Amino acid sequence: MIELRQFRQFVAVAEELSFRRAAERLHMAQPPLTASIRKLETELGTTLLERTNRVERLTPAGRVFLEEARRALAQAERAIRDARRAGEGLIGSLRLTFVASSAHSLLPQLIRSFRARHAEVALDLQEASTAQQVQALQMDRADLGLVVLPLADPHGLTVVPLVRDSLVVALPGGHHLARRRKVALAELSREPWIRFPARYGPGLHSRITAACAAAGFVPQVVQEALQMETIVGLVAAGLGVAVVSPAAADRERHDIGFRPLVGPGTPIGYDIALAYPRATPVVEAFVALARSAAADRPK
Numbered sequence: 001m002i003e004l005r006q007f008r009q010f011v012a013v014a015e016e017l018s019f020r021r022a023a024e025r026l027h028m029a030q031p032p033l034t035a036s037i038r039k040l041e042t043e044l045g046t047t048l049l050e051r052t053n054r055v056e057r058l059t060p061a062g063r064v065f066l067e068e069a070r071r072a073l074a075q076a077e078r079a080i081r082d083a084r085r086a087g088e089g090l091i092g093s094l095r096l097t098f099v100a101s102s103a104h105s106l107l108p109q110l111i112r113s114f115r116a117r118h119a120e121v122a123l124d125l126q127e128a129s130t131a132q133q134v135q136a137l138q139m140d141r142a143d144l145g146l147v148v149l150p151l152a153d154p155h156g157l158t159v160v161p162l163v164r165d166s167l168v169v170a171l172p173g174g175h176h177l178a179r180r181r182k183v184a185l186a187e188l189s190r191e192p193w194i195r196f197p198a199r200y201g202p203g204l205h206s207r208i209t210a211a212c213a214a215a216g217f218v219p220q221v222v223q224e225a226l227q228m229e230t231i232v233g234l235v236a237a238g239l240g241v242a243v244v245s246p247a248a249a250d251r252e253r254h255d256i257g258f259r260p261l262v263g264p265g266t267p268i269g270y271d272i273a274l275a276y277p278r279a280t281p282v283v284e285a286f287v288a289l290a291r292s293a294a295a296d297r298p299k
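All the letters of the sequence shown, read from the start, carry residue numbers 1 to 299 under full-length UniProt numbering.
Worth double-checking, as some hints may not be accurate.
Okay, the calculated beta carbon distance ranges per label pair [as the list claims (entries may be wrong)]: (1) 197 with 262: 25 to 31 Å; (2) 140 with 77: 29 to 35 Å; (3) 79 with 296: 35 to 41 Å.
No lab work stands behind these hints, which were simulated from the structure alone. Since the model is a prediction, treat every value here as computed from it, not as a measurement. All residues carry an ideal CB built from backbone N, CA and C; glycine is no exception.
When you get a sec, could you build the whole thing from the sequences and use the hints?
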């Protein structure tokens, strides 16, 4: 088995055309260097150097081997460098899933900051519900997920809360409650509700149901929708009311109103968090950046 050490020694001899100068360059004695080159030729089964008292020239086989040895050494250096950079989270790939609500607030900032610091990490982004993300993470189809807490089944996952917030009510533009600055949750007891299916976010779904129970009612759900944008659109169409992330209220709309919820059962709090099954260097780099970004957000 030829070793990288022998490649380096041969390249030095071939470039110096002198065992003495090559030995000085390699900081070793000349006899061991001479013996190493002879052993290399024996292993290859061919002569690489035409010798007199000093090396005069390379044989045809020596010229070919010199080029390949240089390539092998360069590849080895790249492998060492890239392995170290991957170990520091500077290169590689990251399969990141995220809930739609985070795409309006936290996610864009995280992506910009991460790409600025880790430009050689390939990002594979996939929007998914919290329940879908948990399944993907547990089945190794994703590396990191931006989810909404609480999780129904966090088995095998490390969970890092980032941002805590409270749901707001979305009301059709002409709704009488839209004239209020704040709306009591109990005042929604007779309203038709639009909400997401329990299977897409069982933890938050249960929390909303419990909040309504604390306010003395069971929500009258007339329509379910998977995405926040769809829910907001159905509210704007006058089909009912919904409790949604404050991120939905970031943009001004004349056909819908967003109001804080007050009274029994409120606030309906939730956390946006990162969840992951394994702490790879790239995952750790993203988590560290996200922690820092979350800490700097206005309270």
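Results for each hint:
Between residue 197 and residue 262 the CB atoms are about 27 Å apart, so this pair conforms to the stated range of 25 to 31 Å. Between residue 140 and residue 77 the Cβ separation comes to about 32 Å, which falls inside the hinted range of 29 to 35 Å. Taking the beta carbon of each, residue 79 and residue 296 are about 37 Å apart, inside 35 to 41 Å as hinted.
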